[in-house]
Amino acid sequence: MTLLAPRALRRYLGIGATTGGVILGVVALVMLGHYAPSLADFGRSHVLLLVVNAAAAAVLLGIIALNLFRLVRDYRRRAPGARLRARLVAMFVGLTLAPLLVVYLFALQFMNGGIDNWFDSDLEQELSTALRVSRESLDVQANSRLLQTSALAAAIGDLDGAALSRALSVLRADAGAEELTVFLPSLQVDASSTRTDTLPPSLSEDAVNQLRRHQRFVALEPLGGARYQIRSAVAIPGDSGYSEDTEPRYLQAVYPIGNRQGRLVDAVQDTYTRYTELRFLRDPLKNNLTLTLSLVLLLSLLAAAAGAFYLARRLAAPIESLAAGTEAVAKGDFDTRLKPGAADEVGFLIESFNDMIERLARAREESRVSQQQLESERANLAAILGRLSTGVIASDPNGRIRIANMAAGSILGVDLRSRVGDSLEQIAAAGPLAAQFIAECKPHLLGEQGEWRGQIVLNTDSTRRILNCASSALPGESVPSMKEPAPQGPEPAPGGIVVFDDVTNLLVAQRDAAWGEVARRLAHEIKNPLTPIRLAAERIRRRYLPQMSAEDGQILDRSTHTIVQQVEAMRDMVNAFSEYARAPQINIARVDLGQLVREVAWLYRSQESQPRVKLELVEGLEVDADAVRVRQLLHNLIRNAQEALEGQADGVVGIVVRSITGADQTAEQEFAEITVTDNGPGFAADVLAQLFEPYVTSKKKGTGLGLAIVKKLAEEHGGTVTAENLPDRGARVIVRLPIRAVIRDAGKDPRTVRSEQQRVRA
Amino acid sequence: MYRSCKGNSGLLAALALAFSLLGPAAVYAQETGLEIRDAGTHLESGVWYLSARIDYRLNRETMGALQNGIPLTFELQVEVAEERRWLPDVSVASLRQQFELSWQPLARGYLVRNKNSGDQRAHTTLFAALNDLGRITALPLIDDSLIDAGSHYEVSLRAMLDQQQLPGPLRMLSFWDDDFALESDWYRWKLRQSPREAPELQPGLFPEPPP
Chain R
1 MTLLAPRALR
11 RYLGIGATTG
21 GVILGVVALV
31 MLGHYAPSLA
41 DFGRSHVLLL
51 VVNAAAAAVL
61 LGIIALNLFR
71 LVRDYRRRAP
81 GARLRARLVA
91 MFVGLTLAPL
101 LVVYLFALQF
111 MNGGIDNWFD
121 SDLEQELSTA
131 LRVSRESLDV
141 QANSRLLQTS
151 ALAAAIGDLD
161 GAALSRALSV
171 LRADAGAEEL
181 TVFLPSLQVD
191 ASSTRTDTLP
201 PSLSEDAVNQ
211 LRRHQRFVAL
221 EPLGGARYQI
231 RSAVAIPGDS
241 GYSEDTEPRY
251 LQAVYPIGNR
261 QGRLVDAVQD
271 TYTRYTELRF
281 LRDPLKNNLT
291 LTLSLVLLLS
301 LLAAAAGAFY
311 LARRLAAPIE
321 SLAAGTEAVA
331 KGDFDTRLKP
341 GAADEVGFLI
351 ESFNDMIERL
361 ARAREESRVS
371 QQQLESERAN
381 LAAILGRLST
391 GVIASDPNGR
401 IRIANMAAGS
411 ILGVDLRSRV
421 GDSLEQIAAA
431 GPLAAQFIAE
441 CKPHLLGEQG
451 EWRGQIVLNT
461 DSTRRILNCA
471 SSALPGESVP
481 SMKEPAPQGP
491 EPAPGGIVVF
501 DDVTNLLVAQ
511 RDAAWGEVAR
521 RLAHEIKNPL
531 TPIRLAAERI
541 RRRYLPQMSA
551 EDGQILDRST
561 HTIVQQVEAM
571 RDMVNAFSEY
581 ARAPQINIAR
591 VDLGQLVREV
601 AWLYRSQESQ
611 PRVKLELVEG
621 LEVDADAVRV
631 RQLLHNLIRN
641 AQEALEGQAD
651 GVVGIVVRSI
661 TGADQTAEQE
671 FAEITVTDNG
681 PGFAADVLAQ
691 LFEPYVTSKK
701 KGTGLGLAIV
711 KKLAEEHGGT
721 VTAENLPDRG
731 ARVIVRLPIR
741 AVIRDAGKDP
751 RTVRSEQQRV
761 RA
Chain S
1 MYRSCKGNSG
11 LLAALALAFS
21 LLGPAAVYAQ
31 ETGLEIRDAG
41 THLESGVWYL
51 SARIDYRLNR
61 ETMGALQNGI
71 PLTFELQVEV
81 AEERRWLPDV
91 SVASLRQQFE
101 LSWQPLARGY
111 LVRNKNSGDQ
121 RAHTTLFAAL
131 NDLGRITALP
141 LIDDSLIDAG
151 SHYEVSLRAM
161 LDQQQLPGPL
171 RMLSFWDDDF
181 ALESDWYRWK
191 LRQSPREAPE
201 LQPGLFPEPP
211 P
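So the sequences go chain by chain: R and S.
At position 380 of the first sequence (counting the first as 1) the number is 380 in our numbering, and the numbers step up by one without a gap.
At position 3 of the second sequence (counting the first as 1) the number is 3 in our numbering, and the numbers step up by one without a gap.
Hints should not be assumed to be uniformly reliable.
[Claimed, not checked] Partial pick of chain S residues on the chain R-facing surface, computed with a CB cut under 10 angstroms:
{"id": "1", "residue": "G69"}
{"id": "2", "residue": "N116"}
{"id": "3", "residue": "R188"}
{"id": "4", "residue": "K190"}
[Said to hold, decoys possible] Calculated lysine to aspartate or glutamate pairs in the DMTMM-like style (CA-CA distance at most 20 angstroms, straight line):
{"id": "5", "chain 1": "R", "residue 1": "K286", "chain 2": "S", "residue 2": "D177"}
{"id": "6", "chain 1": "R", "residue 1": "K527", "chain 2": "R", "residue 2": "E451"}
{"id": "7", "chain 1": "R", "residue 1": "K331", "chain 2": "R", "residue 2": "D355"}
{"id": "8", "chain 1": "S", "residue 1": "K190", "chain 2": "S", "residue 2": "E61"}
{"id": "9", "chain 1": "R", "residue 1": "K286", "chain 2": "S", "residue 2": "D38"}
{"id": "10", "chain 1": "S", "residue 1": "K115", "chain 2": "S", "residue 2": "E183"}
{"id": "11", "chain 1": "R", "residue 1": "K331", "chain 2": "R", "residue 2": "E320"}
{"id": "12", "chain 1": "R", "residue 1": "K286", "chain 2": "S", "residue 2": "D179"}
{"id": "13", "chain 1": "R", "residue 1": "K442", "chain 2": "R", "residue 2": "D422"}
[To be verified] Here chain S is said to cover these stretches of chain R; the calculated rule only asks that three of the stretch's residues, wherever they fall, bring their Cβ under 8 angstroms from a Cβ of chain S:
{"id": "14", "stretch": "127-137"}
{"id": "15", "stretch": "282-290"}
No lab work stands behind these hints, which were simulated from the structure alone.
Think of the CB as a built atom: it goes at the ideal place given N, C-alpha and C, for glycine as much as any other residue.
Isolated chain S (complex conformation) (with noise of 0.2 angstroms):
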């Protein structure tokens, strides 16, 4: 899938360059959406963990909607693909990680839950709250039994606002308005033997949450 969104690039690089001509709305779109600042995975007991650094950055709409209690969903996709230089890639691993972050109008706060695993964290700002879902730390990818050393892979990682959690009229509107099309670009690395340290936390730019 991803393999011709490369091939693609020309034309991508044409579409940035005609959205970037568009002026002001290109700025706002690249001041909001997500973006994947970094990852990694590093190898540790014979199993590969993942680490990303992820700028959530809500828009006007998603926060009005996150503090009119709505929870927003948000999915990390992972997958590793092998790469092979005759035929098309083949995926070894496919992750999806859910995380949902609601406004509690009664603790003045918000939650980040996770909905794989059940966590939650309680944080009392946006920022906080953001900063928490953006900081993915050592998940488990793939076992390394299922890494063949003598090929190569590729691991391709994309966060994105699941529209299909949101609301039913919410959902119907986004047929035709991008509001709550908040998506990253794919983000590719290679896979590694080498140990990677995980990213630093970066402090972000997050307005503050009404009280």
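Okay, chain R solo, but in the shape it has when bound (with noise of 0.2 angstroms):
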């Protein structure tokens, strides 16, 4: 209420003001419509109407003033409406504008035409000489009044006292004057004779000056009311006559002139001095009409002008009100509603206009919950595809990545997540696995072959990788790139979507299960017979020797002796594969980890001629691992590592252990490293692909079963093993062992797990 009065006062304030100019307006225009055509009028009330005129014209310039300044103000704000509304007054004023000039302009020139054509030279000239006549004609009766005079004065001559009374008043009559009086020279009256008792006569300062210079003096003089008499003064002859020494008396005589000689004589002389005060009041006059009819434009026009801002208000209100609402919704101010117009197409428009915004914002609110529902369902299967350890890599038709999940960069060792919306070719590029993947998958991921399943086989130096893929165009509309033209000719296929995983350990798994049935069967098969075997070779040996001839008894011994030799190396290679096919339970603990590869490393540094073994260890390391496994290990490995440096002299074998950290499929893990080097030959190119798969050598001695077995030990761990060349000279084998047991079965104890080949067998 305190923020609305000051506002609510300053709008009746502004109203007041504007009403009140506009009576002002009116009053002062129909004040001078009445009194301009009245030249009598006119300047009566002058001073009330400039007052009055000048007050209008005040009060209308300040709410043009102030209407102009908020204006520009609005204008220079770029506030809604502003031009449009400038547009309009300037149109209101302009259309008012030029006719009102013309109609000014028009008036000036036919009022001061007029008021010339009024003063005409042959009218002035008549007049004048109407008024000489009149003056002539006055002129003749005063003259022989005068005479008249002169000749009463004669016979008045010398008389005095009561005979000059009775006289005078004789001479009166007879000459039908109004008066006739004897002054003594001293201007005294000395008698008198009047046809009314009215003022007492007197000898005006005129005629003593004219009579003391000529000795006469007539004169006409008017009587208001059309009435005019002659006075006429001569000395008086006295008896001694006119002489310079005495001073004469004097007779006065007024002589009436007849009232219709009056009448007409005093029409001339009003005609003639209005005429006269009208050419005198002609500039005057002319100034006046200019002056007013300045004031009527100059009224007009800011009454005009008052108004064009008021109309252009009014008009441009409604459009602002529409221009503002627009520009709320805009902001995205959906709750804007306009206040409902008059009932004409600006009324429908706004009706129209909020009818729009409320089905906008009810349009607006469905798909922000569908948007909503939208988000979710992608983040379910976000978190859908980031748990799946099925690889998953989409592609649009332009060969940009669409979608990745992180499974799909493990299996083809890149980080595809970060590197959404890079082209197919810049994949290709960031490792070896990609790019045979790319290469084999192209077609499939640009969605141009459809339905596709198959298998594919992806080689490197080290690693071999089989992958069951399936692949599918995408449905959904084609996205074209915003910075490429859309292609000519047919629409591209709106990409494809391969989907894949990596079965090598599965296959591995299968093959591996399958070689250790393989060696169990042999080792129950053939280690049965080689007991008897020996036994009986030796008795033939201990029965038949010493009975022999030393020739024959020496054949004997030699052939015992490599059978039993042969049955050893028979029950070794035996031994070896039960080993391999064995599944014995696991007992995980926590070892040292260096520790553990110090034993084992001391067994072989004393052995002479064998290559020397160089320790890296990192001391403290802790892995929950069972120790016998783990050593076991390790001798497979040092082992393998000595046979393939054999007869070589600066056989070097470097053992490193260290702690890293690794991205599991689902999370990042600790693993400690055991890497073994030897500078030695380095493995064949072709078992490379296959070296931890049993009967897998490139060695001359050994069994083909220490690396797979390595890789059995490693993977009851939960770890890995790798293995490649080095690049120059010699070869190095890398196995990875998590520090914290992994839970391979959910519900077990992780010290007590089974290994994958037990599970594989039950």
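Hey, can you piece these two chains together into the complex? The hints should help.
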């Protein structure tokens, strides 16, 4: 309310001022119109007129100035509707100004011309002539009256006293004079006779001057009311006649002029006077009328301008509110509702606008809800994709990655999630596995081949991956790139999706299981007859050797020895097989890996003519592992390296143990890494891919089970093993064991989990 | 009213000095205009009479208007105020006398008419007419019974051209033009018990009217 009050007050003041200004303007115009035609009345109220006009003009000017200030301010601020208002005001004022100016100029022209037309030189001449004629006739009359007075003066002569009074009465009556008076030289009245008793007769100053100079005086005197009289005076010739020494007496006679003649000459004088007056007032009159007309113009113009502002505001108000509403909607405010306008097109427009906003708001709400649903679906999908062990890669038709999950990245050895949006070529350049995969699957990723299922094999120097793939063209519309123009010709497919599983481990596991079975059966079938064979051979030797000749005995001895030796060799081999195939319980405990490595390596250090063992260990690195198996794993690795270096004088076996952090499919995990390197000839290229399979070896000696067992032992711990040739010379085998035991099977103690092998067998 | 004029005499003097520095215009202003040469009151038969001698000097514009048939109305304003020591003066009598001076083309003369009494006198010259106009003799002012013997009274006299009687267009012009603003200063004197002589006629310098 406190805020509202000054605003309401200002509004009422504004309305009051405008109304007052308009009323003043109208009053001023009415007054001008009323007084302008009447010359006599015109000046009578001129002060009031000017004050009213000035007040009206001031109020209107104030209103206009205020409105103009507001308009300019709004225009500069680029307020909605300000331009429209400015244009409307300019248009209204222009429309008013042009006809007003035309009328003004024409009126001025006509007025000046009309006033000038009043004054005609002929008319002036005629009026002067008429006046002169009147004057002449009166002059003639006056002169004859003067002569008559002179005659009367002569008749009076030296008379004085009562005789003079009597004579004057008689003479006055005879001459038809109003007054006859004799003045003494001292200008005092000697004797007088008047027709009516009016003021005491006297000689005017003029008369005295004239008489003293010319001895006579005659003048026409207006009496008012179209009456005139002739006053004449002469010096009375005395007994001694006129002389320079004595002052004469004076006779003054006043004669009336006939009423008829008086009226006539008065009319002539009146007309002449009015004409000269008008002529004298010509310029002031013109100025006044011009001023009046200018005032009318000014007031009309100011009123029109004030009205123009008002009209422009009225006209622009609904459009301004529409513009403001549109702006608000553009900024996202859908709660805006415009006040309903008049029942015209603009009102209809406002109603439609409100209707539209309501629908827009509803549509936006619906879209928001569905967007939310979509978002949650997408989040679900992303979570599913993220946890999926199956790789998923989708591409758009331009060969840019749209979707790639973590599993895809870890299978292909490239962090694909951070490379969404990259082209297939860029992905291919990131790694050898990815390059082979892209080369195989590019047509499927581009969605050019529809449904497809198949297996692809990726080979690198160190690994071999077998992938089961399925692909399909993506449904939905194509999303053309904004940068490139739409290609001509047939519309491209919307891209494709390839889903793939790394089945290498599965296949390897299957093969390992098969080998395990073979080994177990072989051991079981072969091991049993070996002891009887050896015992039989030894019995033959013991029994028959003493009975034989030296030559036969030598042959028997060598043969039985060979049989026993070969049986022993076969037993070793069978033991190795059974070692590979066995599946004892794994006993996981906290093991100091560095200490373990040092113990095992120490055994090999003491042997002469063996390659040197060089250690690089991290102290205090503990892992969850079965110490017996890790020791066996180390034995196998060191022995494998030593065998590779056999016959080489400068052979060195390097063992490095360190802790690393590697990325699993789901999370980061800490590993202990055991790297065993040698500077021998390295692995043969043809076996590198199948190095960890049984009976794969590049050496002359050995069962071919060493690295297969290493792999098995590593996998039993949830670890991995990889092998590669060093760039210049030698080979390297890397074993990674998780520092914390991996829960392979839910609900079981990690320290008593069985190996994969055991499960496969089960 | 005239008391305030007195109070502002310093300001008026400064203004007068400023105008006197304006040169020829100020000189011309001195030559035309209305001036009260002398004025006085005398008591006769229980009535105070006013006598005064006023110079009427018309300027070119007023003369032009007069000779083109526009009558000029002059007004004499007389105030009698009782002077009071602590309180504002109070007016006890106020008199307005209007005289009309007009040119008579037929008689080739000037007519002076007292608009209050209706008396009129014709003159053949403007000089005589203005002389007649400027000679106030024994104008009854106030009854002596209205005058308190113990109080002091001051009489103020002023003559002016009544612009309200001019024709409309001239009146409008007079709004921003001083040509028709003929006005004398206030002439003040004490109302004395000793009778005074009427001032003597003094010839002025007036141009002769054209025939």
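(message) Check the hint pairing R/K527 with R/E451 against an upper bound of 20 angstroms on the C-alpha distance.
(response) violated, 53 angstroms
(message) Check whether the Cα positions of S/K115 and S/E183 lie no farther apart than 20 angstroms.
(response) holds, 19 angstroms
(request) Would you check whether S/K190 satisfies its interface hint, that is, whether its CB is within less than 10 angstroms of any CB in chain R? (result) Hint on S/K190: violated, closest Cβ of chain R at ~33 angstroms, above 10 angstroms.
(request) Starting from R/K331, check that the Cα of R/D355 is at most 20 angstroms away, please. (result) Between R/K331 and R/D355 the Cα gap is close to 18 angstroms, so the pair holds against 20 angstroms.
(message) Holds or violated: R/K442 and R/D422, Cα atoms, limit 20 angstroms.
(response) Holds. R/K442 to R/D422 sits at ~14 angstroms (cutoff 20 angstroms).
(request) Return the status of the interface hint for S/G69: holds when the least beta-carbon distance to chain R is below 10 angstroms, violated otherwise. (result) Where the cut-off is 10 angstroms and the nearest Cβ of chain R is about 4 angstroms from S/G69, the hint holds.
(request) Sort out whether S/D179 lies within 20 angstroms of R/K286, counting only the CA atoms. (result) holds, 18 angstroms
(request) Quickly compare the C-alpha distance for R/K331 and R/E320 to 20 angstroms and report which way the hint goes. (result) Given that 20 angstroms is the threshold and the Cα spacing comes to 16 angstroms, the pair holds.
(request) Given the hint that R/K286 pairs with S/D177, test it: the Cα-Cα distance must not exceed 20 angstroms. (result) The hint holds at about 16 angstroms.
(request) Count the residues of the stretch 282-290 of chain R whose CB lies closer than 8 angstroms to any CB of chain S, then report whether that count reaches three. (result) holds (count 4)
(request) Would you check the hint for R/K286 and S/D38, treating anything up to 20 angstroms between C-alpha atoms as holding? (result) The given pair, whose Cα atoms are some 42 angstroms apart, is violated under the 20 angstroms limit.
(message) For the restraint on S/N116, tell me whether the closest CB of chain R is nearer than 10 angstroms.
(response) Hint on S/N116: violated, closest Cβ of chain R at ~15 angstroms, above 10 angstroms.
Checked against the numbered hints given earlier, the structure breaks hints 2, 3, 4, 6, 8 and 9 and satisfies all the rest.
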